[in-house]
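Asker: Sequence:
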Amino acid sequence: MIDFVTLFFEHGEQVAALLGVFAVWWFFSLIGRQLRLGTQFAATDHVIGWSVCVMVFTLLGVATSISFMYLALALAGLAIAATAVRCRPADWGVHPNIWRAVLLGAPLFILASAMQGSQWDEFATWLVIPKQLALVHRFPAADNPFVNTLYPAYPFGWHLVSYFTALITGEFRENAGALSNLLLLMTFAAVLVQLMARVLPGVEEDRPTWGLCAVAVLAVTLLNPTFVQKIVLTTYADTASGVLTGLGAVMAWSAIGAMTEGDKTATRHAAWRLGLILVVLVSAKQATLALVLMTIIAFIIAGLRAPEIKLSALLKVLPVIVLPAAMTYAVWRYHVTSEISTGEFPVLPFDAWYLDHALEILGRMALVLSKKGYYLILAVLTVGFGVRGLIRWRTPFDRFCVIAAVIIVGYNGFLYFTYLAVFTKGEALRAASYWRYNMHLGLVVVTFAVLGGAHIWRQRFDGRFRRVARYGWVPVMILLIAPVPFAKKLRFDRAPMIHHYRAVGAEARDLLSPSDLIYVIDPAGTGESGVITGYQVLGGPRYRGFVSAFQNVTKKRVAGLLADKTLTALIIHSVNGPILQASAMDLKTERSYLLHRNQSGAWKIAGSWDYPAKR
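Every letter in the sequence shown is one number past the one before it in our numbering, and letter 581, counting from 1, is 589.
It is worth saying that the hints were derived from the structure and are not from the lab.
Idealized CB from N, CA, C, for every residue including glycine.
You may find that some hints are simply not true.
Computed beta-carbon distance windows for the label pairs [stated by the list, open to error]:
id, residue 1, residue 2, range
1, V482, A71, 33 to 41 Å
2, G547, L81, 47 to 55 Å
3, D618, A114, 33 to 41 Å
4, A71, E368, 26 to 34 Å
5, V70, R215, 26 to 34 Å
6, N152, Q48, 36 to 44 Å
7, L367, A338, 33 to 41 Å
8, L588, V144, 51 to 59 Å
9, G609, D11, 41 to 49 Å
10, T562, V355, 31 to 39 Å
11, L356, G178, 41 to 49 Å
12, L81, T403, 27 to 35 Å
13, P153, E368, 37 to 45 Å
Heads up, simulated EDC-like pairs for lysine to aspartate or glutamate below, C-alpha to C-alpha not over 20 Å straight-line [claimed, not checked]:
id, residue 1, residue 2
14, K496, E179
15, K433, E368
16, K433, D524
17, K433, E316
18, K272, E316
19, K622, D594
20, K318, D364
21, K612, D572
22, K497, D11
23, K564, D594
24, K573, D618
25, K433, E352
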């Protein structure tokens, strides 16, 4: 029983992590409210504030050498001062529907607050970069290289969230990304409540029933086809990218609706919200530029299709939507080309494209999605209704379907291009990460399902909402209870070998000096132990890399590493014949070793650690 309780309540630092993350997003909301973009979709004010921070940090971080710590303090001070001067008590709070959603998702938040990093890409990118940012308080540059990572040139919009949390709590919090992912999902749930309230009679947007809020939270969690725990409950940017894409689709739809009705104020507010959301989206990952472009194209197509919208009106609002993201992207691209030589996916020369495998790659993409039936059905339905909406164009639902369909089809077309022209041949032929990239579209199809379901309910069950509302406790109880039986599965970060690799790396960092150069040998592993070591030794010995089961660990290769005078430390996580022969040491299996080169140049065992009993 005690072991089960520790899945949720494991250590005292959980409170600091929760308060730190909530404080960051509260500050974002203070900033966002200063733009006065109306009460419609006010639940996204903190995303708007996040966008402002991304623009400020990108521009000043590239143009000046000001410490990010001072920039953060200045922005926080200005936000508090501006809110106090305007003296509106409501500005200090958080949108009530977000709080309702957070309370309904409390078990997930508590569980995530106990978690730590555990996934390959976290140690290689999504944790190691913001951790270095928290150490140096500036972007990577020629004179400030970020080490032990493959993608230092990725945009920093998502990394800033973990950075701000570290500033507030005084130390780097590995679960800041997971907690922020959940908070963003709750934000989207609040938006879904508002969308349902527009369709269902007798529902107030600002005072919905707890049952309706629970349905919205279920839609973004348990019923969300792209809710994958090893993505959501990590620092990966995919969940945030999915939320931002969904919000972008909703704001594009809202702007088109306001323009159709001739409401200039609502059009301006929706356009600004869309433009600022696209700023954060373009700053989340390298691939999200395509999502930004698809959202803009979808908005333009919907605007051209609407007979009520004049071309001049459409052109007038486009700069507000396009320029903030374009400026932010251009500034970051300038920094990458002038200061960061590597760290992103390049496009291959045309003669190296895999055009002769085009059909094979397309078939593999189809095969991947065929295994995700729930998502595939919703995506196909969305596109189908989008085609119908483009033809008949009668209702607001038609407009949303058109926008959603353009984003889905356009983004998958972009992914097909990347497999032909960007990925390695092996990755292209197996459509590597295709499902993970489609997670960026998850909340677009969820919105389609929720809006469609609300319209069906109104048409066929109008007048029964109040009777059904009496059973609102059912979805509430499902949300509160569901995480309990799945808690062990959700705590994937407790894998014993992950803890072992982390402990070895941390102790090696303490045993070695910053002048040491370390390398990892793990012939039975996947390389995970290597990237974990690179993360754990940050600020200590320098890290060169690793060799694993995917490379040929021969006696010659091991002998070459042992003879390399630049290496002063080796971590051996698994032993094979070539290692024993080359090292001439009595190394045991199921034990990790730290070898250190002494002053005479000989290798000595500086530490050893038994594998955990349970693996």
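Asker: K564 and D594: Cα distance at most 20 Å?
Answerer: holds, 19 Å
Asker: Within 51 to 59 Å or not, the Cβ separation of L588 and V144?
Answerer: Cβ of L588 to Cβ of V144: about 41 Å, so the range 51 to 59 Å is violated.
Asker: Is the hinted range of 47 to 55 Å satisfied by the C-beta distance from G547 to L81?
Answerer: violated, 23 Å
Asker: Just to be sure I understand the hint, the distance between the Cβ atoms of V482 and A71 should be within 33 to 41 Å; is that true here?
Answerer: Violated - the Cβ-Cβ distance for V482 and A71, about 54 Å, lies outside 33 to 41 Å.
Asker: If I claimed the Cβ atoms of N152 and Q48 lie 36 to 44 Å apart, would that claim hold in this structure?
Answerer: holds, 42 Å
Asker: Checking one constraint from the list: CA of K496 to CA of E179, max 20 Å. Satisfied?
Answerer: violated, 27 Å
Asker: Given the range 26 to 34 Å, decide if the beta-carbon distance of A71 to E368 lies inside it.
Answerer: violated, 46 Å
Asker: Verify the CB-CB distance for V70 and R215 against the hinted window 26 to 34 Å.
Answerer: violated, 44 Å
Asker: Does 31 to 39 Å hold as the CB distance between T562 and V355, or does it fail?
Answerer: holds, 35 Å
Asker: Taking 20 Å as the top limit, are the C-alpha atoms of K318 and D364 close enough?
Answerer: Outside the cut-off at roughly 45 Å; violated.
Asker: Does the Cβ distance between L367 and A338 fall inside 33 to 41 Å?
Answerer: holds, 37 Å
Asker: With 27 to 35 Å as the target window, see if L81 and T403 comply at their CB atoms.
Answerer: violated, 49 Å
Comparing the model with each numbered hint stated earlier shows that hints 1, 2, 4, 5, 8, 12, 14, 16, 17, 19, 20 and 24 do not hold.
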